[in-house]
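Colleague: The listed protein sequences correspond, in order, to chains Y and G.
Just so you know, we're using full-length UniProt numbering here: the first sequence kicks off at 1 and counts up by one.
Just so you know, we're using full-length UniProt numbering here: the second sequence kicks off at 1 and counts up by one.
Fair warning: there could be bad hints in the mix.
The list treats identical chains as one, so a pair stands whether inside a single copy or across any two.
[What the hints assert, rightly or not] Taking lysine to aspartate or glutamate pairs in the EDC-like style, the calculated list, with each CA pair at most 20 Å apart, reads:
hint	residue 1	residue 2
1	K36	E46
2	K36	D149
3	K36	E57
4	K102	E139
5	K102	D186
Just so you know, the hints here were simulated from the structure itself, not pulled from any lab data.
2 protein chains.
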Amino acid sequence: MIRNSSPIDRLIDLMARLPGLGPRSARRAVLHLIRKRAHLLTPLAEAMTEVAQTARECLNCGNVGTSDICPICTNEARATGLLCVVEEVADLWAMERGGAFKGRYHVLGGTLSALDNVGPEDLRIPQLLRRIGAENVTEVILALNATIDGQTTAHYIADQLEPQGIALSSLAQGVPIGGELDYLDDGTITAALNARKRL
Amino acid sequence: MIRNSSPIDRLIDLMARLPGLGPRSARRAVLHLIRKRAHLLTPLAEAMTEVAQTARECLNCGNVGTSDICPICTNEARATGLLCVVEEVADLWAMERGGAFKGRYHVLGGTLSALDNVGPEDLRIPQLLRRIGAENVTEVILALNATIDGQTTAHYIADQLEPQGIALSSLAQGVPIGGELDYLDDGTITAALNARKRL
Ligand SMILES: [Zn+2]
Ligand SMILES: [Zn+2]
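Here chain Y stands alone, though its shape is the one from the complex (with noise of 0.2 Å):
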């Protein structure tokens, strides 16, 4: 074929495996870019060359960001003793554009698992052990996704956090059944997170 490992080649190939992207998604991308060279292209591949740069995984909650500790994590009006208990950076992302709420993350990385074989070292629960005591942290609402897997995390979370007499709350109202965090509106997060219950 005519294209065969030229650059334009295999920058349809890389584009082709986004998420959310196919061979035709791709090919019609990279159409587009190569049309908008100077607008769009060009400031993509700096920007792309910038995060993979600086990007990094926050040390204390697993925020992604471009600094060691994350602005969260440093901001101290942001230690108000609530702690919020995500799956993944893109729940945190969910969180924060609801704006509602003015605590700190914890972002597991995940969900427990039996089935693939995914146990509590292999996400940041030993992590989020010790920072109960290291941040005062009198409150932790588990905004995990209403799946099987994430309410299994919870209780098993709930189950190690119980000895501590720590206060512990998940969200409540507005989280459908079977719904993931990041596909909901900013509007029901914030509702779900006001009307939280206690465990």
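Take the given structure of chain Y and dock chain G with the ligands to it, following the hints.
Modeller: Frame of chain Y; chain G with the ligands shown alone:
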């Protein structure tokens, strides 16, 4: 918000401008890229930089590649006297994937449109008329989309070529009403090419 004006935020904003991606899928794509930094983000940044520096339109036919004249136009084996006229580069690539066409192409760069004020001189129609004589073209295949604008453009080109005594054909069998070439499977394109009807 926490992510304002960070390189990650800028990357999300730029990704959201790609066709087929919105803000949510851009966020998910960027988190995926950061997780796959070595295997996807860095290679993608490099491929984009290279394409931004090397991509150009073929001066003869409008195909997109990395040379002033594309490999199809320089390949003497493809000087068969057949010239296939398409709207966009994506259509040329779709024809090539079909693998049945051994001639050359001419990419118009769109269709005539009274509504959008697109006239013949806004497309590569003058260049098309020049190529007919210069390249000893014996048959022009109008492989335009089965849309109103596509068919209007086909009729306009047919009228222009009529005095020159060139054989004219169009893709026939298999192109659905209202269908766009780039969305057809390869077999359908091959069937439409083989069953092309004289105008
Ligand atoms: Zn952090
Ligand atoms: Zn060419």
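Colleague: State for each hint whether it applies.
Modeller: Consistency of the hints with the structure:
Taking the shortest alpha-carbon separations for K36 and E46, both the intra-copy value of 14 Å and the inter-copy value of 17 Å come in at or below 20 Å. In this assembly of identical chains, the alpha carbons of K36 and D149 never lie at most 20 Å apart, being 43 Å within a copy and 24 Å across copies at closest. In this assembly of identical chains, K36 and E57 lie within 20 Å of each other by CA distance solely across copies; the values are 13 Å between and 32 Å within a copy. In this homomeric assembly, K102 and E139 come within 20 Å of each other (Cα to Cα) only inside a single copy, at 13 Å, whereas the closest approach across copies is 70 Å.
For the identical chains of this complex, K102 and D186 are intra-copy neighbours only, at 15 Å inside a copy versus 54 Å across copies, given an alpha-carbon limit of 20 Å.
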